[in-house]
Amino acid sequence: MKMDDEVYDAYREAGALASKVRRRGAGLVKEGAPLLDMVEETENMVIEEGALLAFPLNVSFNEAAAHDTAMPGDERTFSRGDLIKVDLGIHVDGYIADTAVTVDLGNHGALVEASRAALEAAIGAVRPGVVTGELGTIIQATIEEHGYRPVANLTGHGLDRYDLHGKPMIPNIAMNGGTVLEEGMAFAIEPFATTGSGKVTEATRVEIYKQIAARPARLPSAKRILETARPRRGLPFSRRWVPGDKVEIGLATLVRNGIIHPFPMLHDVPGSFVSQTEHTMIVTEEGCEVTTR
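Using the UniProt record's numbering, you'd call the opening residue of the sequence shown number 1 and step up by one each time.
By construction, these hints were calculated from the structure, which means they are not laboratory data.
Note that CB positions come from ideal geometry on N, CA and C, so glycine has one too.
Treat each hint with caution, since some may be false.
Think about it this way: if two alpha-carbon atoms lie no more than 25 Å apart in a straight line, the pair counts; the simulated PhoX-like pairs of lysine-lysine are [to be verified]:
#1 Lys-167 <-> Lys-199
#2 Lys-210 <-> Lys-199
#3 Lys-167 <-> Lys-210
#4 Lys-246 <-> Lys-223
Label pairs and their calculated CB-CB ranges [as the list claims (entries may be wrong)]:
#5 Pro-243 <-> Glu-285: 19 to 29 Å
#6 Pro-270 <-> Pro-72: 33 to 43 Å
#7 Glu-227 <-> Glu-145: 41 to 51 Å
#8 Gly-287 <-> Glu-227: 18 to 28 Å
#9 Glu-6 <-> Lys-199: 12 to 22 Å
#10 Asn-153 <-> Pro-72: 24 to 34 Å
#11 Asn-107 <-> Pro-270: 15 to 25 Å
#12 Pro-72 <-> Glu-31: 19 to 29 Å
#13 Pro-34 <-> Gly-287: 19 to 29 Å
#14 Gly-258 <-> Asn-153: 47 to 57 Å
#15 Gly-287 <-> Pro-220: 16 to 26 Å
#16 Leu-219 <-> Gly-287: 50 to 60 Å
#17 Pro-220 <-> Asn-153: 29 to 39 Å
#18 Glu-202 <-> Gly-258: 10 to 20 Å
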């Protein structure tokens, strides 16, 4: 299934911009720097480049692996010893680039290399006819060769227009079978390596949501949330992006009524460290093109 030239160009443009912003944003992660400033400055870079955010910038500390972003008025700062995952998603006309890098403010170089090497090994195996379970086998073997565990319950994912988590699913552990890769498929591979259990669980804190139903709301705060969410066309948004007060009440009401879906922060066991590396790619006739390189 060859990709239309205009669609291909949009994916490539999104990937090039994501690569540029990822590098600049990761450069803002420094000891003592405020998290909120880093997140807002990086998100603003995307807008300045003429693209849009596919999801709020994820910045996850240490044992946290995903779905963390700055809170309104967040006072957290980066500290010596931290291991920081910067996960950026942008889109051009709905066509998404998803990419992540780990910034080491401590002595975690081997762990960072484990996820990076696993990603590169998996990319090297991508071509039409390969089954996604084979990629998971490569990812797990590479991470374990480096002395760490892969995070079993996080995966890479297909990218379609305004759809962050489509097919194919790319496992981070060995699996039999899966989806057969075809020319024109777009997806992200994102290995996570951990010193912990190899399984993430949900925290209580939620900063990221997405709209899943188009129904009206009565509460003024809920109406404001939907005004933020609707233009996103189902892509996630941050609590931080919603103006005004009583936002928590509006969010709780919309979740309870099945209008928005929460994404709790995901983390491994306390005291562990998780690294992440991610690229987006398009399957080509003989391999793949990494759009976020």
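Q) Which of the numbered hints above does this structure break? A) Result: hints 5, 6, 8, 9, 13, 14 and 15 break, sorted rising.
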